[in-house]
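Number of protein chains: 2
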Amino acid sequence: MARVYNFSAGPAVLPEEVLKEAAAEMLDYKGSGQSVMEMSHRSKVYDNIIKEAEADLRDLLNIPDNYKVLFLQGGASQFFAEVPMNLMKNKKAAYIITGQWAKKAYQEAKIYGDAIAVASSEDKTYSYIPDCSDLDIPEDADYVYICENNTIYGTKYKKLPNTKGHILVSDVSSCFLSEPMDVTKYGVVYGGVQKNIGPAGVVIAIIREDLITDDVLPGTPTMLKWKTQADADSLYNTPPCYNIYICGKVFKWIKKMGGLSAMKEHNEKKAKILYDFLDESKLFNGTVVKEDRSLMNVPFVTGDKELDAKFVEEATKAGFVNLKGHRTVGGMRASIYNAMPIEGVEKLVEFMKKFEKENTK
Amino acid sequence: MARVYNFSAGPAVLPEEVLKEAAAEMLDYKGSGQSVMEMSHRSKVYDNIIKEAEADLRDLLNIPDNYKVLFLQGGASQFFAEVPMNLMKNKKAAYIITGQWAKKAYQEAKIYGDAIAVASSEDKTYSYIPDCSDLDIPEDADYVYICENNTIYGTKYKKLPNTKGHILVSDVSSCFLSEPMDVTKYGVVYGGVQKNIGPAGVVIAIIREDLITDDVLPGTPTMLKWKTQADADSLYNTPPCYNIYICGKVFKWIKKMGGLSAMKEHNEKKAKILYDFLDESKLFNGTVVKEDRSLMNVPFVTGDKELDAKFVEEATKAGFVNLKGHRTVGGMRASIYNAMPIEGVEKLVEFMKKFEKENTK
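Chains as they are written, first to last, in my numbering: chain A, 1 to 361; chain Z, 362 to 722.
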């Protein structure tokens, strides 16, 4: 079978050229006589791989020297606990609830202290980003937490919240490297890589140095203390070596494509094709208020469950896969991450037009 | 360059046939049109991969139905915290210290309760396994903890400790699937996969069902509570999908090779070649007492640091890589896991003989 157009929310499509390189190097990485899977993480050859990955990421995001880059494990779900364990000195934090993942992070933080929901869009199935210009953030809150792009609901912050001087912690899993970002605005930026960057099994965290200390909550496991990994350059124990290697290849691919500004342009172009069609379609409707639409995840519905199911089925047969929406939104969702070519979105819209013609009177 | 003979302690050599298959399937796994790296972990095609991996592992180890198999993240180092967090109801546990990893597990447990070192071989640089037939284990200890094969020091328990009715928890990272084991003798068996099974980034834990409960220590992160992953069949959040897929291929390779009895025979044969030579050599000496020798990790020294360094250098040039010993033992270490062919050990011994001839008067 040919390669499909894969609209999965994550794990998700990767650049074909990265996969081809990985396949070619599988038995012998650059004359080392070994697969990257087989290399000691203490070897010089692997050390170059992880160091180069970090350097390329720093380059792409223009990460200042006073921020550490950590390659971690456990997914965002584990990081939900790491945030309070490492930052909740006053046992108080403000959470903005814009979807399931923000809510899970908030619930996890409640294990460790007073997590306060200072805003939420749950009232309308998270179809918008609340106004965050003047939130009631307690003076002694240790941080303000957001999920910047909401994979399930298809929303994204177009403007960061006014944290009133508090540290901003942001989960960027589903918009990581999709456009430029100003790292200096954050205390902690982190994300699972399995959407825009690489194979599941790595969390990349970019953390301002002064937030990495020994002063963590009692009972914090050594591995969940950021200082452990920061002091060891992410090599305290064996990291997910192969996964990091693939992430490194994706960083190089993004650089080759022109960096994050070019990536943003590419993503805006793709999103426009799909949103423009949704706005004119008589059958399909987007579910998100226009000003908060994500460039990465585009949920849409027909309003008829049976028709939604028929669409997903026929699309799958035509080679457009993983279009079924999350059960809390229903309908469909097209995730159009960096590696989704424009052609994929164009062909999807063509297919949707054809489906619309066949299924409206 | 041709493939080298890779004696790395981990990550380590994998079966060439597994790597070839993975390379061939990189862009299109069995007609799915996707790489396994790109697949939704909730898709049917991936569900088959993880289910089949578990079934094959159960088959290989003859795992009884009342044991759960979990695919986790964070390495053994993270599991060091998970053990007390999930099992220390009485806040007391007995640790047998046979090397650096057992000691780290013991130190981590001290964060959570009264971890007691009931035996140790630290007095002789962990070159033997202490007598564990009649240890002073507190009645109310929650478990007895061992590291069954000591990667750095090259020792292995040939007989499990007498736990006096207590639950046995065993880190089998560096002897996982190297020979048959009776799972029913353990409460918890676990190991990082990056030595004998697959690419770093997965910990496999085999846990007796009654030990998986909601009754964990206060402050245990949701992701570190075994019940979270047990209830979700290791799919509570996105698992390290690709890594598990490679592990599954290695399980199938072991089955094809004849299962764990055949693997044991294969490993005994390889170890005998190397140990027999060490026992007769006038230049090289093994560092471990004979009765506790590991089949997987074979440390040896010449007694002369400069000569050790010269050996490692010349061996590397000849295509025998990663032979440098751990700094706490010095000298050399050959890790000869399942995927190391007999030929690799034979050729290493040939090379050692030649080196001995050239370097003794």
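Hint data in this document are derived by calculation from the structure and do not stem from the laboratory.
Here the structure is a predicted model, which means the values were calculated and not measured.
Glycine is no exception: its CB is placed at the ideal position from the N, C-alpha and C atoms.
Be careful, since some hints might not be right.
What the hints assert, rightly or not - Okay, the calculated beta carbon distance ranges per label pair:
1. Asp47/A / Ile634/Z: 39 to 49 angstroms
2. Ala385/Z / Pro341/A: 18 to 28 angstroms
3. Asp408/Z / Lys269/A: 55 to 65 angstroms
4. Thr574/Z / Ala55/A: 26 to 36 angstroms
5. Asn62/A / Glu675/Z: 43 to 53 angstroms
6. Lys282/A / Glu570/Z: 27 to 37 angstroms
7. Asp231/A / Glu675/Z: 44 to 54 angstroms
Falls inside 43 to 53 angstroms, the C-beta gap from asparagine 62/A to glutamate 675/Z? Given a distance of about 46 angstroms, which is inside 43 to 53 angstroms, the answer is holds.
That 39 to 49 angstroms hint for aspartate 47/A and isoleucine 634/Z (C-beta), does it hold up? 32 angstroms, violated
Should the hint that alanine 385/Z and proline 341/A are 18 to 28 angstroms apart at their CB atoms be regarded as holding? Taking Cβ atoms as reference, alanine 385/Z and proline 341/A lie about 24 angstroms apart, which means the hint holds.
Between lysine 282/A and glutamate 570/Z, is the Cβ distance one that fits in 27 to 37 angstroms? Given about 54 angstroms between the Cβ atoms, the range is violated.
Is the hinted range of 44 to 54 angstroms satisfied by the C-beta distance from aspartate 231/A to glutamate 675/Z? Given a distance of about 35 angstroms, which is not inside 44 to 54 angstroms, the answer is violated.
Given a hinted range of 55 to 65 angstroms, is it respected by the beta-carbon distance of aspartate 408/Z and lysine 269/A? 34 angstroms, violated
Do the beta carbons of threonine 574/Z and alanine 55/A sit within 26 to 36 angstroms of each other? The hinted range 26 to 36 angstroms is violated for threonine 574/Z and alanine 55/A, with Cβ atoms some 45 angstroms apart.
The structure fails to meet hints 1, 3, 4, 6 and 7 from the earlier list, while all remaining hints are met.
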